[in-house]
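Protein chains in written order, with UniProt numbering: chain A, 1 to 501; chain B, 1 to 342.
Hints were generated in silico from the structure; no laboratory data involved. Ideal Cβ positions, reconstructed from N, Cα and C, are used throughout, including at glycine. Treat the hints loosely; a few may be bogus.
Claimed, not checked - Just some of the chain A residues that point at chain B, by a computed CB distance under 8 Å:
| hint | residue |
| --- | --- |
| 1 | Glu28 |
| 2 | Val318 |
| 3 | His320 |
| 4 | Ala340 |
| 5 | Val341 |
| 6 | His358 |
| 7 | Glu360 |
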Amino acid sequence: MAFISMETIDKSFHQVKVLHQVNLDLGEGEIHALLGENGAGKSTLMNILGGVLQPDSGTIYVNGAPVSMTTPGDSQKLGISFIHQELNVVSDLRVYENMFLGSEIRNKAGFLNVEAMKQKTRDVLSRLGVSLDPSAYVRDLGTSHKQFIEISKALLRDSSVIIMDEPTTALSEHEISRLFELMTTLKESGVSIIYISHKLKEIKAICDRYTVLRDGFIAGTGSLEEEDPESITKMMVGRSVSQERFTREHVPGDEVMRVEDFSKTGLFQGIDFTIREGEIAGFTGLAGDGRTELFEALFGFRKKDSGSLYVHGKKVVVNHPNHALRAGIGLVPRDRKENAVIQDLSIVHNLTLSSLGHFEKNGFITKKQERKAFQRYKNELNIKARDPYASIATLSGGNQQKVVIAKWLEVNADVIIFDNPTQGIDVGAKREIYQHIVSLAEQGKSIIILSSEAPEILKMCEHIYVMYKGEITARLNRDETAEDEIMACATGSKRMVESIG
Amino acid sequence: MKLWPVPQDQKGWWSLLAEPQFEPQQSAEPKTEKRNWLSWLWAEYSVIIAFVIIFVLAAVLNPRFLDINNQLNILMQVSIIGIVSLGMTMVMLSGGIDLSVGSVLAMVGVMSVLALNATGSIMAALIAACAVGSAAGFINGVLISKGKIASFIATLGMMSAARSIALYTADGGSVSGEVNGFSAIANSELGVVDYPIIIFLAMTALVYVLMNYTRFGRYVYAVGSNEKAAVLSTIRVDRVKIAVYSMAGFLVSIAAIIETSRLNSISSSSSGQLYELDAIAAVIIGGTRMTGGRGKVIGTFFGVLILGILNNMMNLMNVSPHLQGFVKGLIIIVAVLFQKRD
Ligand SMILES: Nc1ncnc2c1ncn2[C@@H]1O[C@H](COP(=O)(O)OP(=O)(O)OP(=O)(O)O)[C@@H](O)[C@H]1O
Ligand SMILES: [Mg+2]
């Protein structure tokens, strides 16, 4: 018998129905994949199971008994833990304080038992293979560590069900495989997991059964044994999506940007590279390889110790992202919630924030032009949104990401750096975004993509730079390399610096 | 029956009064349109509803309240605090707070009178006023953005320093204008409407346009909501903050000119006392979030009017001045309780 079952769940937001009579069955010790396009209703359904949202109708059964969950606390008491899609860590607290936020361990006198909390934090992190100082401040950590904190928080509670809403968007392949080992152990001890991800490879590797949502309706459910990625994709988006690489006749143009000897102690050292017109270059590596920090420094968001930057042959000094923008460099940052999305602004205001000059007339913003841009990107990137003036927080995670990308497409910089651009984006939309990036390159833009996913990099980029501990350890041509070579360079076991001429 | 359509992700405390969850979809289709509109008004502008309620209540409680002279009187009385509140709205939207407005107002008043008496020129007095107020704001802004001092602390320092400069230059007392015509600024009328009211309305319109139709306004909201993302969106956050505090200082200058001109004198010790609290109260009643990023100029406008009506009613009804603070405090808390929160 199903351990948890949700029956005929309906949910509307402002008279718009997003879940229609949805059923979900979860067995004991099962890893259940919840799949669907961006905006299909996955997070909404899980928010209902997690007690964050209330269904309009329908019932949830735990062990066969109907339950009512009006707060997240109710859900937790029933043994359900929830790892949310967006990170919810408190930057100004330490790692262990984040872990035990709201459920602190106290000693008999009622004071906090800091040692016990630190020890437990160390234990759970080491189970995930992460070495992190429990008393480090979270604001100093990278995104993947923050994601591990979210995961560990759920593991600390003795839960019988763990909901994981896209837990791996900021993790590298190494870290993901460690997470999977842990999930397998949990499963063997009888814990059930609901796993949401847009990476079908992961789904195939770890999940037992699946449920596909499409526009708020159940589109299919069953055992994953009988399915292959194509049939699932088809169920999700209603068509098959090509997995081929993008190839194009590419004649390298003039040099657009040259980076010389960029260094910052402890983060990156001696970085040199050149980007040409119409080139798509990729940077990859493991967590802590310093690529995000390197490009943040290049973009003027972070200080560097030394190094020069030339754009179109001229040396430019970049001490603020605004300088970079004026030099023609744009950066789509990773971790949208923290770095890109302005929660209190509407969708359209987020979209136009970095390019308000395009919408000004006599110093005043013309709302009509803004709405036009919204309509354009909504169609081009297939953004699921109705009202341009609705808060961006009402969009699903993947659709927020599309808005972030659209914001930088509108800026129209000469060099566009995409850091983990497809975070939380479904397979169909991913293909569309790749297509968009390729056509940008064809128009003569220079593109840099940072990603921890070697396949993504191989699909898109002609030139591939692999980083390890803050250094470029390999410069590869796509046609002369393969995934395992990239992995070998990323783990530092191989160096091939001279391969690009 | 629910009184308002309650979107379940944005409950106010009043939703406690409503029926429990699991209500089926509304079937009465024609009604939804109207309900939607009401819920929108409630969510966005609960302060306007509060204003209407208080206004009607006041009219019922005291017939003299609706008298046109009384109405103009209210507007006249709130014009100074109103102008200060506009600047406070910008500051609070950007995620900061400005405690120095009252003291800066006194300092600006003293300086402008000194300039007036020294030069005999009204123009010189106005220029001096605007320069001193904007400069104080500019210093606040630089301390906060470049010096990375919390706005509470930086403006607390300015509050103390500006009051002290005012006291020192005026020798602890009042200074009076000795030039004819200066007092005309606040004591003239256009038709039946006093100048200060016109200035207040004009400033409200100006700040409204600035915050809603310009790049700068957009940036202020962005900075208040997510400063890191604002920087990564290529916004010069430090410049935005300096501009915000400078403009708040400029608006204080305008308020100071009206205050000084009204009695043709300013007291270095008592003028502007506790204006920061009234201004913050008006902004909060108007629905602006303490931590920035969310709020509206129109909200502040009605917040100011609510405070004005309260004062007026208490005077009309002869409430003891010692009790007025209690009533005001109560209303502020109730107004905020009523607001939509997330
Ligand atoms: N608070 C809200 N107010 C209004 N609409 C909302 C709200 N939250 C979600 N929605 C809408 O509900 C739909 C489903 O969103 P949901 O977040 O469940 O999608 P998802 O399947 O998790 O997508 P993704 O893969 O992008 O995370 C979307 O169309 C979204 O715009
Ligand atoms: Mg989601």
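Structure-based check of all given hints:
1. Glu28: violated (28 Å)
2. Val318: Cβ of A:Val318 sits 11 Å from chain B, so the hint is violated.
3. His320: holds (7 Å)
4. Ala340: Holds: closest Cβ of chain B sits about 6 Å from A:Ala340, inside 8 Å.
5. Val341: holds (6 Å)
6. His358: violated (11 Å)
7. Glu360: holds (7 Å)
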